[in-house]
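**Q** Sequence:
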Amino acid sequence: MQAVLHATAIPDHLRGYVSRLLQEVHTGLYIGIVTPKVADGLWDAVTTYAKEGTATLITTTNANEFGFDVRLHNSSTHRMTDFDGLQLPTERS
1 MQAVLHATAI PDHLRGYVSR LLQEVHTGLY IGIVTPKVAD GLWDAVTTYA
51 KEGTATLITT TNANEFGFDV RLHNSSTHRM TDFDGLQLPT ERS
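Be aware that the sequence shown starts at 1, since it is given in our numbering, and climbs by one per residue.
No lab work stands behind these hints, which were simulated from the structure alone. Since this is a predicted model, take the numbers as computed values, not measurements. The C-beta atom is built at its ideal place from N, Cα and C for all residues, glycine as well. You can take every hint at face value.
Computed spacing ranges between beta-carbons, pair by pair:
1. Met1 to His73: 12 to 20 Å
2. His73 to Val25: 13 to 21 Å
3. Phe66 to Asp12: 28 to 36 Å
4. Glu24 to Met80: 21 to 29 Å
5. Ser75 to Arg20: 20 to 28 Å
6. Thr47 to Glu24: 16 to 24 Å
7. Leu29 to Thr61: 19 to 27 Å
8. Glu24 to His78: 22 to 30 Å
9. Asp84 to Glu24: 30 to 38 Å
Working from the sequences, and respecting the hints, build out all of it.
**A** Below you can see the structure in the form of structure tokens.
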């Protein structure tokens, strides 16, 4: 599966870990091909060690009509909401 991770204000050790799995194409923007198990492990590490940093992980999937899945961490403005199987971004109130 393809994975895209956008991360801001994450610790250097987490940035190094992410760089082992994905290629950094721009500051804080990583892309690569990983297995679903690796993507889940990566997300677990990001949510555990990002502290006040923010992160968005987008992975390909066959589970919905869009063909991708979005996970957000520490987003102060948006959250992903499930509408009958469709994940759509909604603003936090």
